Structures are given as C-alpha cells and as structure tokens.
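Sequences are here, hints too, so could you generate the full structure?
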Amino acid sequence: MKEWRGYAGHVLDVDLEKGTTRTYPLDPSLAADYVGGKGFGARMLSDQLPVHCSPLSPENILVFAAGPLTGTFAPASGRFQVCTKSPATGLWLDSNCGGFFGPEMKAAGVDMIIVRGTATKPVMLVVEEGSARLVDASALWGIDTISTHRSIRKMLGKEFRVACIGPAGEKKVAFASIISEMRALGRGGAGAVMGSKGLKAIALRGSRGITIHDPERFLTICREAFNELAIHPDTGGGRQKYGTNVILSCMNETGVHPVRNFQGGRVSGHDEISEDRIAEYFVRNRACYSCPIYCSKIARVPSGKYQGAFTEGPEYETVWAFGAHCDNPNVESIIQAEYLCDYYGMDSISAGNVIGFAMECAEKGIWTESDIGFPLRFGDDDGIIKAIHLIGTRQGLGAFWGEGVRKISEEIEGTAGFANHVKGLELPAYDPRLSTGMALAYATSDRGGCHLRSWPIGEELLSTRDRMDPFSKEFKAEFVKTQQDLFALINSSGLCLFATFALNLKQITPILHSATGIEAFSDTNELLRIGERINNVTRLFNLREGLTRAMDTLPRRLLTEPIPDGPGQGRVAQIDDLLEEYYMVRGWDGGGKPTEVKLRELGIERG
Amino acid sequence: MIKIRSSRCTECQICMQICSWTHWNEINPKRARIMVEAEWPENPSIRVCVACKDRECVSACPTGALRWDEWVRMDAGLCDSCGACVTACPVRGIEIDPTTRFPLVCDTCHGDFACTKWCPTKAIERSARP
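Chains A and B, in that order, are what the protein sequence lines are.
Mind the numbering: the first sequence is residues 1 to 607 in my numbering, read in order.
Mind the numbering: the second sequence is residues 1 to 130 in my numbering, read in order.
Simulated from the structure, these hints should not be mistaken for laboratory data.
Just so it is clear, the structure is predicted and the values come from calculations on it, not from any experiment.
Mixed in with the good hints there might be a few duds.
To be verified - Below, computed lysine-lysine pairings styled on DSS-like, alpha-carbon distance capped at 27 angstroms:
#1 A:241 / B:3
#2 A:386 / A:305
#3 B:122 / B:53
#4 B:30 / A:158
#5 B:122 / A:241
Printed below as a string of structure tokens:
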C-alpha cells in the first residue's frame, strides 16, 4: 500500500439511505491531478452526481475534503472544503472553512468524506480513529448550532470536533450554512443540502499523525513563511489588530462599500462604523489551527440594548451586510445579528442581502408593515434582528425570504431591477461599478456572486505595490483568470487565502512539494495549471447543469444605475467586452465553453 | 521552565505541533507534551509541566519509573501506563500518549524549548530556571 506523505490516504464514503459507511484508499492520481479540497470535490461531483438532479434531493452528494497541507504546521493550514450542488444557484458550490475540523479529519484518518442519500430519521456521523458510525440524532433536531456543539461534546467527549447545521439548515433555507465552532461553511446553502439529507452533524476525533516527505526542508520553508507573514503589514499587523475589518474605512473612502441595497457607494459620516469602533468590542484574539495571523476576534457587548451579545467576529462582510447595506450604524446590533446567523446556521452575507432587499421592497410599498408584522426600514436595527428570527425559523414572510433574493425577485413583479445577485448568489461587500476587475470576478465566479474566486480589489484599491487602475479594463481578464486559478489551488491545498497576501506561489510551491513529495507539485506553473484544471472542471459542471453565457453577468441595477456619490460618481458596471476577452484568455469559445484544445491541454476528458 | 501567559494564547496549536514534531518526527498534536485547551468561547488554558518543586508525579509513581534529573525522566521498562502521574500532577501537565500509552511530560527539548521559539504571540516563553 502507498505510503502517503501529507495526506491521510483514505476516503470515507457514507450512504445515509442504506445507513452504511465504507472506507477505501485515496486514489494517488486524483491527488496528483487535483491536490485536495476543492479539486477533489470538483472531480467527485463531475463524475458521480446525476445530471440535473435537484440540489435538495437524495441524489445530491456532499463532499467534505481537506487538503494535503491541512493539519500540518504550514502557516494558516486549518482549512477544509465542502462541495455540493447549491440550492441557491442550482450550480457548482464549494465553501471553505477554517478552525479545527479539517485538521481533525486528517487526525481521524480521512482526507475526504462523501455523503450520499437521505436518512429516514435525523442522524449524526461519528468518525473515531478511522472508523465511522451513524448515530440517531433525533434529540438534536431543531436545536441551534451552539447548543448542538455543546450537547455533542458532552455526549461523546470534549476532544471531538463538530460541524453541524442549525434550524435554518433543517428548514432548508437556501443560504443555510454548516457551522463548525462558530466558523461557517457559509455561502450557497450547503447547510440546506445537509438538512435535506437529515444529517444533523459530523463529529470527529483521532490521534493519527501526519508524516512529511522532506521534513528538514519543510521545517525551514515553513519557518521562512511564518517570518514572511509576521513582517507583512496586513497579515502581521492590521489583520491581527482588526481582523477582517482592517479594510473597512479604506473601502468606504474609496466608495466601493455599497449602501442601502447598492443604491449608493459609501456611508456618509462613516465614523459611525469604522474598524476602530468595532475593535472596541473585541475581548480576545482567536486563531485557526496553525495560524499566526489570528484574524478571528471574540466580540462582546458589555451594556445597553444588546448587552451580552457575543460573536466570533463580526467579520467585515457581516459588518457590511447588516451595516452599510441596511444603512444601520449600530455596531452592537451587528454583533447580535452575526450571533443569530451562527445560531440558526445561515450565511450572514446572503441574510443581510435579503433583509436589505426586503427593506427596499418595504420602502417602495411592495410590503407593508402589516404584511411583515413589524416596521422594516433602512437603518432600523430592531427590524433587522426580527427579520433574522423570521428567516431562521421560516415563519411568516421569513419562509419566503429564506428562498433568497433571486427567488423573491422572480415571484414579486417589479423587484428584479434591484435584486442584487449573480446566478442566484447574493453579492458581497464590493461595488463592481468602481472596479472593473471585481465586475469580471463576480460575473465569472463558478458559485455566483462571490469575492473569493478572485479579489482584484486588493490590487485595484489597496495595494501600492502592484497597483492597477480600478476603472481601466487593461489586463483585468488575465489578472482575474490567473487569480481564480491560484485561489482554486489554495482552496485545494488546505491553506487559507489570507496567507496569499504575504506569500506568493513561488513560496507556496516548495511547501506543497516538500510536504507531499508529489513531483507535479514541484513546479509553480504546473500548480497553476492544476488550478486552471479545477476551474475548467467546475465550468464544465456548471454548463451541463444549465449555465449559459447570458448568466455570466451582473445585477441590472449595477449595469444601469450610476453611483450617485463618491469617487465613482456617475459610473455603471460594464462587463460585455471584458467577458469576451476573458473567454479568450481562458481558451473558451464565444459561448463560454472550454474548447477541445484547452481541455486536452489540461488533461480533462469532457463530461 | 516555560513561562505561561494564557491570555495571549490564540489556540493555534503551533506549540503542540512543534512538540510532536521534535519528539516523534510527525505532526500530531495529540502526542504533544504541551496542551492548549479551550471550550469556545471561554479563554484557552495552556497545560504543561512547570517543573514544580513538589514533583508529585514522581512520588505518585508506584513502579518508580519516573525520576527528576533536570526534567522528569521516564524509564519505559518500568512504566506500566497506570496514569497515576496524570492524576497527581497539580497543573494537569501530563497526558498519556495515544500511541505508546506512556506518559508525556515536558523535557524542555533537553534545554532547547522548541515550542517557545514558534509561539506567534509569546504566550509561552522560556524563563530562567528557578
């Protein structure tokens, strides 16, 4: 049997329908061609998911996958990935999460867990030292994620690491998340898929070690990487102090911080919410496994209306979603809102989007106070909190809102003009009208409106080192393509995207190679090619599930309504000619399909 | 000995990884001689042998497998994995190795203190011998 280096070397395959689990060895060629994480998920779903299956049907498959660096002491290597077909978009979904669950997967002896079918009653998957069993979880059904964590650890032992869903996942909210110790596999509704399968939680424990191919080289390179992260002004400074909110005022000043459901580009009197205002609530730092950046903060509200509210965060995206997006200056209510999103197990970006969208509907008279049951106006923090409860429990209009912005806008006439989503996934906190790179990144992201496939904002508005003009289209297609390939690789390796702020691929390549000893990982260009391969596989997956060129676009508001204020005043988002160029750079035809030549070059068989 | 400031700890477990790496040549925090323990959202605590004067582990050992000589040393031929030392340690600084079933006690890497060199927040630091 193959001696694995870096990898645990096993796949756990769970069939909830039959109630069986089986373990088999990891395929060495899968590892060499797709690295891990997102790459594994892309291959599995393409090969095994029935075409056009409904995301919430028993046919859908959930893949949890760690990378070869997950659980090692490469810096920021606590990440793992869930891949499935998204109920929000009906397309490809991968969602990434840090913390300790991924490393524990490796310690328990598995690189990948594949979950199929639907259980007849709620179950929990318990993996202990490489052996798996399904346990009745009826008693946990209906319980919030925080209590679920506590109960499971009380039941099994506190050394268990847990990923679970809350009431939102059980009730199949389209943007329900999977929560692992208050960190989320957030976007795209993987929690709803888990809920549809009747799988309440996965709990893991193990004591297996990870062996490294070239220990001395690995140790030296990791030490250098740690030093690199420590001296970088973001990963060794701002992010440690403010967490992800480090960019908050900068984003607002540059005018890419959308307010009132993308009606404007920046908050007036922005001191009301700034990174310093938020940092006042931080009580301590927390890190994911093996991470010196410790961007996680525990925030607590000491007094006032939201006294006692606490969360791990609040993260930049949440602060925007319930802050600027809803025109809400109350930081304490944002902390409470993030806590509630974790409690119910749903994505805070999408939840904030839905609420901001509903606020605009209410403003336009589409819903009245009596339809909703309470006043829901921009800037009203009480309304936000009540709306979260409504969605989390799917009561009243919340049952409908839980379908996400696209579904709502399809059913309510006259709302499509301000429904801000791409392919069904609501947009995050960057206005693409000010950033041609971000416009292209949103339009071409494989999981819909997402900032983590490519994030040109860094070069367009934050960096002085390799600055690109945010209004120009020059080199944006090349940039977005290359960064998408890099991020796909990073999300497959087990490293965190934040590590790439300080480390370039030249520094990451020897980490991957010395850990695994896999020859293909010794070359930077080859690794980028693996990233490109993964992106082409997810593209093929999306095309077969019904993606068309017309869906590679942006919300109507951003294409037609100019920004009223700030540095981007008067601008609208433009995408058409840039998209054309992007397809060309990618080696895709005019309809956005990978050409035979490209697929051959990447070693992918069509299908 | 190792000076501990738990309030600086971020739970990253780098100390545990370096410890297992140094002693066993594998990355396995479960085999570390230093333990970070945290129950979210409570503050973490760091558990490790603090080289106390009482050496209750040594006196609790029924087989005479433990003795003090700069650090706690164990004679594997005498240890029967009873765990009396684990219970006796007043700072819960001893764990049983899941692989060998022998107790894991900090040996300061024979004076090298590898974990303290990697801690990103200086929650653990090398301090002068008492």
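For this session: Mind listing which of the numbered hints don't hold for this structure, in increasing order?
Result: Hints that this structure does not satisfy do not exist here, as all of them hold.
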